[in-house]
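A.B. asks: Below, each chain spelled out in residue letters.
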Amino acid sequence: MSQNTPMPERVDQIVASYQARSTALIMVLQEVQQEYSYLPPEALQRISERMDLALSQIYGVATFYKAFSLEPRGKHLVSVCTGTACHVRNSQSILERLERDLHVERGQTSTDREVTLETVNCVGACALGPVVLIDGKHYGHLTVGEVEKLVEVIRQCPCSVQH
Amino acid sequence: MSFEPNLVGFLCNWCSYTGADLAGTARVKYPPNLKVIRVMCSGRVDPNFILDALARGADGVLVCGCHPGDCHYVEGNYKCQRRLPITRMLVGEMGIDPRRVRLEWVSASEGVRFGEVVSEFTEEIRSLGPLALQEWAFDPAAADAQLAHQGGEHA
Amino acid sequence: MRPIASPKELNDLRGRLRAAHDPNHTWVQLCAGTGCLACGCEPVADAFRQKIRGEGLEEIVHLKLTGCHGFCERGPLAVIQPQGVFYQRITPDDVESIVDQTIKHGKVVTKLLYRDPATKTRIEKAEDIPFYKKQVRLVLRSNGHIDPKSIEDYIAFGGYSGLAKALTTMEPERIVDEIKRSRLRGRGGGGFPTGVKWETCRKSKEEPKYVICNADEGDPGAFMDRSVLEGNPHSVIEGMIIGAYAIGSHEGYVYVRHEYPLAVKHLNIALGQARELGLLGPNILGTGFAFDIGVSRGGGAFVCGESTALMASLEGKVGEPRAKYVHTVEHGLWDKPSNLNNVETWANVPLILEHGADWFASIGTEGSKGTKVFALTGKICNTGLVEVPMGITLREILHEIGGGVPGKKKFKAVQTGGPSGGTLIVETRDAKIMHSMEEAGEIAPGDAVTSLLDLPVDFDELTKAGSMMGSGGMIVMDQDSCMVDVARYFIHFLIEESCGKCLPCREGLRKLHEILERITKGGGTPEDIQTLQEISDTLIDTSLCQLGGSAPNPVLSTLRYFRDEYDAHIRDKRCPAGVCKDLVGYAITADCVGDAKCAKVCPTEAITGGPRNLQVIDQSKCIQCDACYQVCTFNAIVRVKRDRAAEVQVAARQAWKPVKERTQAEARA
Amino acid sequence: MPKPKLGLYWAASCGGCEIAVLDTELKVLEIADFFDIVFWPCAMDFKYDDVRALADGEITLTLFNGAIRSSENYEMAKLLRAKSTVLCAFGSCAADGCIPGLANFTSLEAITRYVYDDSPSTVNPEHVRPQPVWDVPEGTLRLPQLWNTVRTLTQVVDVDYVIPGCPPQPDQIKAVVDAVVDILKNGKPLPPKGTVLGANPRACCEECPRKRDVKKIRAFVRPHELIPDPEICLLEQGLICMGPATRGGCGAKCVKAGVPCRGCYGPPTGVHDQGAKMASAIGGVIDSTDPEEIERIIAGIPDLVGTFYRFSLPGSTLRRRQV
Amino acid sequence: MPKVNITVDGRPIEVEEGSYVLQAAEALGIDIPTLCFFKYVKPYAACRICVVEARDKRGRTRMVTACNYPASEGIEILTRTPRVMAARRLNLEMLMSRCASMPVLTALAGKLGIDQPRWGTGTDTCILCGLCVRVCDEIVGAQALGFASRGIDRFVTTPFEVDSDACILCGACAALCPTGHIRMEEAGGRDVVHSEITLGPNAAIAVPFRQAVPNAPRIDPDFCVHFRTGGCKVCAAVCPKECISHDDVERFEDLEVGTVVLATGYQDFDPTPMKQYGYGRLPNVITSMEFERMNNAAGSTGGKILMENGKEPGAIAILHCIGSRDQNAHPYCSRVCCMYALKFAHLVKEKTSAEVYQLYIDLRAFGKGYEEFFHRILEEGVNVIRGKGAEIVRGGKEYPEGTLLVRCEDTLAAKFREIPVDMVVLCTALEANHDAKDVARRFGISVGADGWFIERHPKLGPVSTTTDGVFLAGVCQSPKDIPDAVAQGSGAAAQAMSLMIRGEVEMDGAYAVIDDEVCSGCRLCNDLCPYSAIGFDETKKTSSVNPALCKACGTCAAGCPSGAIRALHFADEQIYAEIEGILS
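Listed in order, the protein sequences are those of chains A, B, C, D and E. For reference, each letter of the first sequence is one residue, going 8 to 170 in the numbering used here. For reference, each letter of the second sequence is one residue, going 1037 to 1191 in the numbering used here. For reference, each letter of the third sequence is one residue, going 1031 to 1699 in the numbering used here. For reference, each letter of the fourth sequence is one residue, going 41 to 363 in the numbering used here. For reference, each letter of the fifth sequence is one residue, going -4 to 579 in the numbering used here.
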């Protein structure tokens, strides 16, 4: 599918689908990120040309919003909810344990590009707190002791996050 | 005595005529065979003039104008540039050597060149010899003689 | 579908839809909100479909995936209509019995009914469950009943009748008037009168005008707006169309968090349907009024909940707020008059139009009309979404609807208004605090209110009490929450979310965090309290936007109500709640039964002891990860001041007896 | 009052002009009625001697058609000049030389050789040639002698008026007749000598109904190479139409039929030489300044002389080809 | 804008409604400190150092930033209350704790009474005031800089933190940066520092040179930020007389005139191809024009005669006829060189003690007083050698460094000379402008072989041309000195005036006419006329000539196939008669 379309053309398609409106910059970046799992510099350059926006503005937006990553991300995306509800249910411990067991710091991608560990401020599943999302799937009511099992899930899951 | 060609020149007022003038003031030597008729522009030269001159006994006709692009009237010389070939072709078909009709560009500063052109043209026509048009004029005496020779009137 | 060309046609359509509804059919209204999706409603839905098909009941039994029912704690849940039986915590295996017994034979499956923990009885109908009993569901009225992906459902439930009324019978000025008379106040937290805002925007001479729906629900622990957008997107759309008509706008935007993919999906479906039916577009309901709505997804920035930042973000820029000395209703999006309201506010509008301002104004208190939706989370039994009339007390919400704090833990505080709203309401009978509040004029001297929990939920009352309504997140904390840590947590959250433009917010939050972190690590000094206060004041005074301006609230409110916890951290280097790792030590008491669960989960193998023996924590190896504490079902692991841990262990060793001996002793006793 | 006398003569011509007179239909009767026809060899039996018998100037009007191609033509031209008060060159041959005049493109010798020897159908092994004077037992036979150069009537005798056309159009003939009758009957003054009668002062274009625009020519085409647009000037379509350089009066019959004007009415007033004038006009509008391209465009006109001088070679400036 | 009355620290002032409080304070001379404010970019209100207390009519007091708080009727502004000062101090202290000790911060700290910032100082040199980002966006319009990331991680950068293609190296960011965090690094900038550009190397506004006429600054579009980005225009904002316009563009003006005086002058002959003189190759070989410029008091050396090494030359050779009277260049005499060469000699003698050598072919001192001047030069001790300079070479080792040897044949002494000098002045020829031909063509006049414009008649019409109303003045007609040029110019002006004063032009009656009776409307002539003098009457179906437009070239007359067009004065009959006449 789209992976087969070369980068500039794919970016052009995305930009065109929003009629190159400057208002759509954030959504364009979201789609590009979905396509490549991150925002490749060449893509930003292309968007700048196609949308007639200064690269500095695009770079500013890409670094400002948490949804964007300028680095390639791992095969698996592990998001630990650190919303207040989860925080008071001790998500911090879960996070620390995950960091320890996955050998990757929050906000980073493991050196083997397997896992990206990030935190999110509330996924809205407060009733399940503390919650961890692994490749978009919710794992709720977790305890630190269950992290080991989660790591197993991540390590064994053949699928990767649908970028 | 060698043949002295009778030449008619049509010179544009701004370049060639001035160039001829310059040739004069510069004391450029050239043969006296060319009789000059001044026209305002080489574009004024009607092929009729050329034919008329030839018919009236000229051995050659020289048309001179400004160099292409330099026309005082912007593009009059271009018209001449197009009329002359057709005239030469016509003259040729009429059995007259087209070399007897020549177009040259001579600018106001080319006094020397004007002299050269005239000399050259004179020599060329000299080598072609006189242009004696056959039976151009109607000779009533000859016609009457023929009639007489016929021995009188037709029935 | 053919566009609806007049209000009459809309009425006709509604009539036809209602007539088509066969009362003898069964509807399974399965909650498919994010909460239930997360706890597995999809397999349940599949099981229903399979079973219905297997039984050949497709004609008379319909599965309807609805928006959030609110009672997330008990999900996945479903209501079987027309009987109205409420089933909760359904697993795919339960589907068989639901169909066989309830649907086919009208019998109730008792084990799936909600069991009231207080009375220990099973309750059949949702409305009888305490969680629902006290609620007044207006905005959420259709959530749980309608299929959010079906505009017909919405119309059948009376949807778009408010719009029809507004467009055909009312002048725009009258609509503004109606909203003003209803005394609806912005549900985003500020509580600004909606009608007044509309009026200012309407009067602004610039063109074009924009209406914007703020669905960038950034407060952690708040999911009211998401549930409305997911479960009933048309109510928001209808509200926006009415607003646009009243203000004179032809272009609207909904700015949604990108973390809410389902909401975006449902919203887009709804917009498409509305356009198809001519409820959006160049000629709405044949009246000639033109309006359309675009959806913009946020990029993950809390600050974009701030109106000027949101508008910057809508323009495709970095979400930096700007000075609001010039109001957005006059110079907003692209410097044009822009009317921004949040999801819940917009969802209230059709109700007011449909039922009238007087009806709306009859609900609630003098200053605050209507209802408010809260997301009840944290240490509370009934996590979920509740809608209550203004004026209800916090106690009612927390204890009666919420079911109180789970386990035997003690309730400590409730936090409303999100991180930057960050306000804590504490249940306290501490005379000292009450006295200070009296002094500050926040409560009347000798007020009968003995607990802040008895405060009515009302914009003005809560503000008077030094609290605020906030957008609706309500996070409950129990004894295990450290208030210094909570303050630090919020400040940390805000550091990450501050845009960094203005100095006080950027540098002040960092400074606050430095100090709080030092305190939680045992390095606090008594002067820190004064510094926290000073920085907080400066932040409030000089921040560019409300993110910075309200950021110190968690610090100030915890300082005010839980000064003792600060003191414990600073003076005693002790965390009373046992949260602050650097101050806490883990120890195992004599209550240990020796099941060695703790040893199994310990990542550093710090716990030893062997089976059926007292477990011992090697303090040098312990990393305070809390795993053992969470896993122990016997409350044998305690969090104590770090330097006391060894002491506790020694005592435990002396007191410990094997379980067998203990039971024998008990038996003897 | 005696009837005015009318003479008609046919020199080197095809006879078309005579037929044109007859084509005036009933007018002929009027003519016969009004005039006393004293000489019309084509139609009536007159002998040259009948003419010779007349007093000088006795013939009121002679319409002389045909070019002067032979000694006989010359003799009759002189004779009729003498006997006529008004001598009128009637038709293109008399006026400009016309088709017979194309003989000037070659020589008498070449023509004779071709006719008596070289033409494919000729068998003349003894190379017999016509002899102007030949003695036979009955006496001496005389043949008029052909000239090497064809002349127009104007070139050999003094001509009063010219009626151009190949042939003059019948309605023009009628108009002339009417005018003459008017003059003679009513004693009107004669037009100045040399006036061209039965034609327009303006060129043929005046009568042409085609739409004319500014002209620019990039290539010439021949009539068989193109189906011309019926609305637009043929010259603009690249066809050499002699119309602009040809006297009007014919009613632009050819161009109306989609055929370019060939120039039979001769040069208009003020034009010396029809062909050279046409060459000049066309040269002016060739759309190029590149000498080579100009040559190429001009080369698109085959047979320049035949095209430009089809009807006027003997009357042209150069009169004949140099052979 | 309506006016409103406000008070600042109790002092009333009337200001425009909506103008910022900071401006009002400034007008009153009340100092409000700022870190992120710059007059020509939009207020940003990020540093919050300019906070003040504002009390509205209802008595509500709130803290606002002076830089962007709009004035409204009756507000009271208090700039130095304890609350304000405390906030300013604390904010500054917090900023300082992160930033290195920098003058802009320590100075402000001193002003606010901070002796020691309570959290000390840090290391960062950027205070995130955003001036650079905003100037790059709002004024420069390049948008090369921006903020990246957010919150405490926020920093100023170019995209991807690499050199930006969008950067135009204008340096505005560096100029505005209050801390020196941004510096300009060498990146292929202008390296020429010329004393004549008075406002510095990168100044887009400068007086071209000191004696420029008009002597006013002009904007160099190659360096002006506005012309590169569309932004800036700060100069226009600061100019009190509102003299600066960025909208003026080069444009072609169509002037309707009746007469034209061509005074297009000449160009200097470039002696570079004449390798024997080493111009461009040898040091201190300069052209006469360069020497003249050097002598100018406002010139590059301030009027001193100096060599490239800045020293005064000891000997100077002045070579005449470089490019003039030379069959390999221009055969003509440039006419002015002899006399200016003598003047040079005089100047050298006057300004230096250098030895001067004049190398000439013939000395043409033909004007009034010229011969006398020549004699004066001789008396001044100038060496005048008759002989054209043949070659210039570097002196060998026996000569001091930099010596040039000028070789020539002294034709009076009949011997070869080799003159060692320090500087050579080449008196280069005057030559026609390279585009003289184009100019001539445009005006319908001619140029001679040398490229000079040709006058109508060398004696009888020396200033007029073959085109009526076009006159010549000065060197464009032929080399001449100043008095001659002035004389010719006056003549040309007088001739032009005489035409203009009359107010109308008498046509000489030579034009084409179309005989309406003959024209058949074939339209063959219509496109022949380059002056569009021939029109076609659609109703009459005939063409006609507008005599006022007709220039009488006669092309149409030649081209009329119907003989309807008659060129008056050059009518067919006249020409036939001429032909007949000359051939009879």
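Certain hints may be false.
To be verified - With a straight-line cut-off of 25 Å between C-alpha atoms, the simulated SDA-like cross-links for lysine to any residue are:
1. Lys299/E with Leu373/E
2. Lys1071/B with Leu563/E
3. Lys1295/C with Tyr43/A
4. Lys1354/C with Tyr261/E
5. Lys82/A with Leu1067/C
6. Lys1354/C with Leu373/E
7. Lys1163/C with Trp1364/C
8. Lys1347/C with Lys82/A
9. Lys(-2)/E with Val1418/C
10. Lys1366/C with Tyr261/E
11. Lys1603/C with Asn1643/C
12. Lys1603/C with Trp114/E
13. Lys432/E with Leu1164/B
14. Lys1440/C with Asp142/A
15. Lys251/D with Leu563/E
16. Lys1134/C with Val1166/C
17. Lys1439/C with Ala1598/C
18. Lys1354/C with Glu9/E
19. Lys144/A with Ala1077/C
20. Lys228/E with Thr1121/C
21. Lys228/E with Leu1067/C
22. Lys383/E with Leu563/E
23. Lys1347/C with His148/A
24. Lys536/E with Gly298/D
25. Lys1141/C with Gln1131/C
26. Lys536/E with Asp269/D
27. Lys37/E with Thr1395/C
28. Lys535/E with Pro300/D
29. Lys1551/C with Arg107/A
Think of the hints as simulated: they come from the structure by calculation, not from any bench. The structure displayed is predicted, hence computed values, not measured ones.
A.B. asks: For every hint, state whether the structure bears it out.
C.D. replies: Results for each hint:
Between Lys299/E and Leu373/E the alpha-carbon distance is near 23 Å, which keeps this suggested pair within the 25 Å criterion. Among the hinted pairs, Lys1071/B with Leu563/E is consistent with the structure: their alpha-carbon atoms are about 22 Å apart, no more than 25 Å. Between Lys1295/C and Tyr43/A, the direct Cα distance comes to roughly 22 Å. Compliance with the 25 Å bound is thereby established for this hinted pair. Note on Lys1354/C and Tyr261/E: the hinted pairing is violated, with a Cα-Cα distance of about 66 Å set against a maximum of 25 Å.
Distance restraint check for Lys82/A and Leu1067/C: the Cα-Cα separation of roughly 24 Å lies within the 25 Å cut-off, and the hinted pair is therefore satisfied. Between Lys1354/C and Leu373/E the CA atoms are separated by roughly 86 Å; this puts the pair beyond 25 Å, and the hint is violated. The suggested pairing of Lys1163/C with Trp1364/C is violated, with an alpha-carbon distance near 46 Å, which exceeds 25 Å. Annotation: proposed proximity of Lys1347/C to Lys82/A is violated, straight-line Cα distance about 30 Å (limit 25 Å).
Restraint check for Lys(-2)/E and Val1418/C: the C-alpha separation of about 50 Å exceeds 25 Å, so the hint is violated. In summary, the hint linking Lys1366/C to Tyr261/E is not supported, as the alpha carbons are separated by about 61 Å, beyond the 25 Å threshold. About 32 Å separates the Cα atoms of Lys1603/C and Asn1643/C, which puts this hinted pair outside 25 Å; it is violated. Between Lys1603/C and Trp114/E the CA atoms are separated by roughly 23 Å; this keeps the pair inside 25 Å, and the hint holds.
Between Lys432/E and Leu1164/B the alpha-carbon distance is near 38 Å, which puts this suggested pair outside the 25 Å criterion. Under the criterion of a C-alpha separation no larger than 25 Å, the hint pairing Lys1440/C with Asp142/A is inconsistent with the structure, at around 36 Å. For a cut-off of 25 Å, the pair hint linking Lys251/D to Leu563/E is broken: about 30 Å separates their Cα positions. Between Lys1134/C and Val1166/C the alpha-carbon distance is near 32 Å, which puts this suggested pair outside the 25 Å criterion.
Only pairs whose Cα atoms come within 25 Å are accepted, and Lys1439/C paired with Ala1598/C is accepted, the gap being roughly 20 Å. Proximity of Lys1354/C to Glu9/E is assessed by CA-CA distance (about 24 Å); at most 25 Å being required, the pair is judged to hold. Proximity of Lys144/A to Ala1077/C is assessed by CA-CA distance (about 20 Å); at most 25 Å being required, the pair is judged to hold. Taken as a hint, the Lys228/E and Thr1121/C pair is broken in the structure, with Cα atoms around 71 Å apart against an allowance of 25 Å.
A threshold of 25 Å between alpha carbons decides the hint, and for Lys228/E with Leu1067/C the separation of about 58 Å lies outside it, so the pair is violated. About 57 Å separates the Cα atoms of Lys383/E and Leu563/E, which puts this hinted pair outside 25 Å; it is violated. Using a Cα cut-off of 25 Å, the hinted pair Lys1347/C and His148/A is violated, with the two alpha carbons roughly 38 Å apart. With a C-alpha separation of about 21 Å, the suggested pairing of Lys536/E with Gly298/D holds against the 25 Å cut-off.
A threshold of 25 Å between alpha carbons decides the hint, and for Lys1141/C with Gln1131/C the separation of about 12 Å falls inside it, so the pair holds. A distance of roughly 21 Å separates the Cα atoms of Lys536/E and Asp269/D; the hinted pair therefore holds under the 25 Å criterion. Restraint check for Lys37/E and Thr1395/C: not satisfied, since their Cα atoms lie roughly 45 Å apart, outside the 25 Å limit. The hinted pair formed by Lys535/E and Pro300/D meets the criterion: a straight-line CA distance of about 24 Å does not exceed 25 Å.
For a cut-off of 25 Å, the pair hint linking Lys1551/C to Arg107/A stands: about 21 Å separates their Cα positions.
In this structure, the earlier hints numbered 4, 6, 7, 8, 9, 10, 11, 13, 14, 15, 16, 20, 21, 22, 23 and 27 are contradicted, and the remaining ones agree with it.
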